[in-house]
Amino acid sequence: MRRLLPLLSAGLLAGCTGWQSALAPRGPVADDLHGLFWLFTITCALVWLAVMLVLLAALLRRPPDGKARQERAMQHSARAIGGAVAATVVIVAGLTVASFLATRSISAHAEDALVIRLRGYQWWWEATYADPRPDQNFITANEIHVPTGRLVRIELAAADVIHSFWVPNLSGKQDMIPGRANSLAFTARKPGTYRAQCAEFCGLQHAHMALHVVAEPPEAFERWRTAQVAEAARPHGPEEDEGRRILESKACGACHTVRGTQAAGNLGPDLTHVGSRQFIAAGMLPTTRGSLAAWVADPQSIKPGSNMPMVPLTADELQAVSAYLTRLR
Amino acid sequence: MKPWHAAFLTLLLLAGCKREQRQYRLDPAIAESLDRVEVLPVGINGRPPRVITITGDPYRTNAYQLSQGKRLYAGFNCQGCHADGGGGTGPALMNGWWRYGPDAVSIFLSIRDGRPNGMPAFRDRMTPEQIWQLTGYIQSLGATRASGAAPSRNDAMQTRPAENRAPAMSRLPSPYEGGP
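Here the protein sequences line up with chains Z and R, keeping their order.
Residue numbers are given in full-length UniProt numbering: position 220 of the first sequence equals residue 220, and the series is strictly consecutive.
Residue numbers are given in full-length UniProt numbering: position 142 of the second sequence equals residue 142, and the series is strictly consecutive.
If we strip away everything but chain R, and leave its shape as in the complex, we get:
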């Protein structure tokens, strides 16, 4: 191997060392548009704000956004009802059964507007950006496919597999297994 070959290869390798971009500040107009979801009349399923799709779904693919979601999950005491995702007073978030649909918009609406029988509305407690961060984290809890992005790990023990050991579940439950 000639020296310039080695130099070229090193440069090529270095090009791979791209650090994940963290977006701390949203343009106010974009932040506002994050609240505009198009939803079916039944209140389940719909289309997320276009800006999320255009920017490459950061709330599912960006480790910083997932970490913020994880922080909010603990900070707003989601554990109080949903435990580490295994469920308690509230339903589980990682067994593949979703009372109001598994898609991002359904989860976003569950958090923002609340759901009957106990799920409170967090509309006036979090900003839309924070609700999307939490949504992304909750989707990663019940993920069936490995992802390139994971939130930072816990220092203490938790009752679910570590998020960076994705996926939490190998497959979705089949209808014959029965639900909770």
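The shape of chain Z in the complex, shown without the other chains:
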């Protein structure tokens, strides 16, 4: 065990540097929070250490003998208690001010901020890029892209129960409450993919409600945005044609939208560019033709309780649908 302990703790610490960690800040807001975390941790550790030392001294000291000495000791302890109270007031007040200053940046606003409306569902995320030009608006799901170096403002809402939005590498945590508008801001410093996780227990598949934030240089972001605004890719070949026909004529189209086709439901995630996302089903599986087919064939085995029903399809139909979904890049 003694030999295993360093290994284990190293393994735990390694968890603090990944794509979902508040200890690996990748933006100014996360920097502030990271600083605040260490300020609190170190201050509290020092206070704890001081209290323990005083306690140890008190335990080891011999009680004073004689009346005069006892009275002097009483005066001493009155002074010590007064000093400790004053120190507590100063420390708590100081931490309060530090906390206020550090968390101010979460609600920052700027004229040129990129605004994304994020809506939580059981158990996935709907993202609306609200551009002032109406023809540049689009809806996507479970993966958002942001340009580096530009303030991003996320407007949070929830469709059913309370969810919470948290990208530890980029910003703090904010609840998404039905019927209430919350918001949160961050700026990504470096390109990369960061994982967000619903941070408020929201039901059976709470743990499988992930969102991926892809930060990329402004030019790459603009390319992505233009691709997302476009209608869905056209099917190539008879198999993909058949896939599109099934998607439109079976139950798929009642809940999902694929812009440019007759599928226009709004109960489930928008699938217009589902093939371009890194993951499907809110971070459950990496996007491959196989995982798309597995998800359509039997969603309740992969994510029990999710609202995606098992739509009866033959093997050929499943092949066609998965071919078409892979095409939707």
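Please note that a few of the clues may not be correct.
Computed Cβ-Cβ distance ranges for the label pairs, DEER-style [what the hints assert, rightly or not]:
1) R:143 - Z:286: 42 to 48 Å
2) R:30 - Z:130: 41 to 47 Å
3) R:25 - Z:217: 42 to 48 Å
4) R:5 - Z:286: 42 to 48 Å
5) R:25 - Z:179: 31 to 37 Å
6) Z:286 - R:25: 19 to 25 Å
7) R:81 - Z:134: 27 to 33 Å
8) Z:193 - R:12: 32 to 38 Å
9) Z:45 - R:8: 47 to 53 Å
10) Z:286 - R:8: 49 to 55 Å
11) R:153 - Z:231: 28 to 34 Å
12) Z:262 - R:53: 51 to 57 Å
Stretch by stretch, here's where chain Z covers chain R in the computed footprint (C-beta under 8 Å, at least three residues) [said to hold, decoys possible]:
13) 27-35
14) 89-101
15) 126-133
Stretch by stretch, here's where chain R covers chain Z in the computed footprint (C-beta under 8 Å, at least three residues) [to be verified]:
16) 238-251
17) 295-305
18) 309-319
To be clear, the hints were calculated from the coordinates, so they are not data collected in a lab.
For clarity, every value in this text was computed on a predicted model and none was experimentally measured.
Every residue gets a Cβ at the ideal spot worked out from N, C-alpha and C, and that includes glycine.
Starting from the structure of chain Z, add chain R where the hints point.
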């Protein structure tokens, strides 16, 4: 009371804390059989799939299934015509008058195949399981008897009594009162 009496009683009480079972995944063969209803030639009334009877009528007695029905009621915009059950463009669902029969099979068929004068068919929009969930919820809207199962409550106001304050109606209308 001796300590072991108390322990025995506690165990007995704990046995009552059985949580409702939620069935998320149906065996594909069972899911398929849910579509097989035996119906009279007039298109009203018939016999539900045997599997529903065997499993204890989950679509009426299981709160999860009723909640899913309620979700579908909102998601597929039943409100658009039937409002919260009081009716609008379409007939009311909670006044005891059923144009095509009050039984589960009639309601299932109304949703699946549609009815004349406006009710669309949802055959290709929902799976049979979902249609049964919706059927169970619609039956609970017009229920005259209290039930042990209710869907989750609304956060916003609605124009009908809450489902968990069953029954929605104290008695069926008598033929002398006249229908809509």
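Note whether the CB distance of residue 153 of chain R and residue 231 of chain Z lies within 28 to 34 Å or breaks it.
40 Å, violated
Return holds or violated for the Cβ distance of residue 25 of chain R and residue 217 of chain Z against the range 42 to 48 Å.
44 Å, holds
Given a hinted range of 49 to 55 Å, is it respected by the beta-carbon distance of residue 286 of chain Z and residue 8 of chain R?
Holds - the Cβ-Cβ distance for residue 286 of chain Z and residue 8 of chain R, about 54 Å, lies within 49 to 55 Å.
With respect to the beta-carbon atoms only, verify the hint that residue 193 of chain Z and residue 12 of chain R lie 32 to 38 Å apart.
55 Å, violated
Residue count check for the region 295-305 of chain Z against chain R: does it reach three with CB-CB under 8 Å?
Result for this restraint: holds, n = 5.
Distance restraint evaluation - residue 262 of chain Z, residue 53 of chain R, Cβ atoms, bounds 51 to 57 Å:
37 Å, violated
Look at the Cβ atoms of residue 45 of chain Z and residue 8 of chain R and judge whether their distance stays inside 47 to 53 Å.
51 Å, holds
Between residue 5 of chain R and residue 286 of chain Z, does the beta-carbon spacing fit 42 to 48 Å?
58 Å, violated
Go check the region 126-133 of chain R versus chain Z for me, would you? Three or more residues, Cβ under 8 Å, otherwise it fails.
holds (count 4)
Three or more residues of the region 309-319 of chain Z near chain R by CB distance under 8 Å?
holds (count 4)
With respect to the beta-carbon atoms only, verify the hint that residue 30 of chain R and residue 130 of chain Z lie 41 to 47 Å apart.
Between residue 30 of chain R and residue 130 of chain Z, where Cβ atoms are some 44 Å apart, the hint holds.
Per the hint of 31 to 37 Å, is the separation of the Cβ atoms of residue 25 of chain R and residue 179 of chain Z within bounds?
Distance hint for residue 25 of chain R, residue 179 of chain Z holds at roughly 32 Å.
The structure fails to meet hints 4, 8, 11, 12, 14 from the earlier list, while all remaining hints are met.
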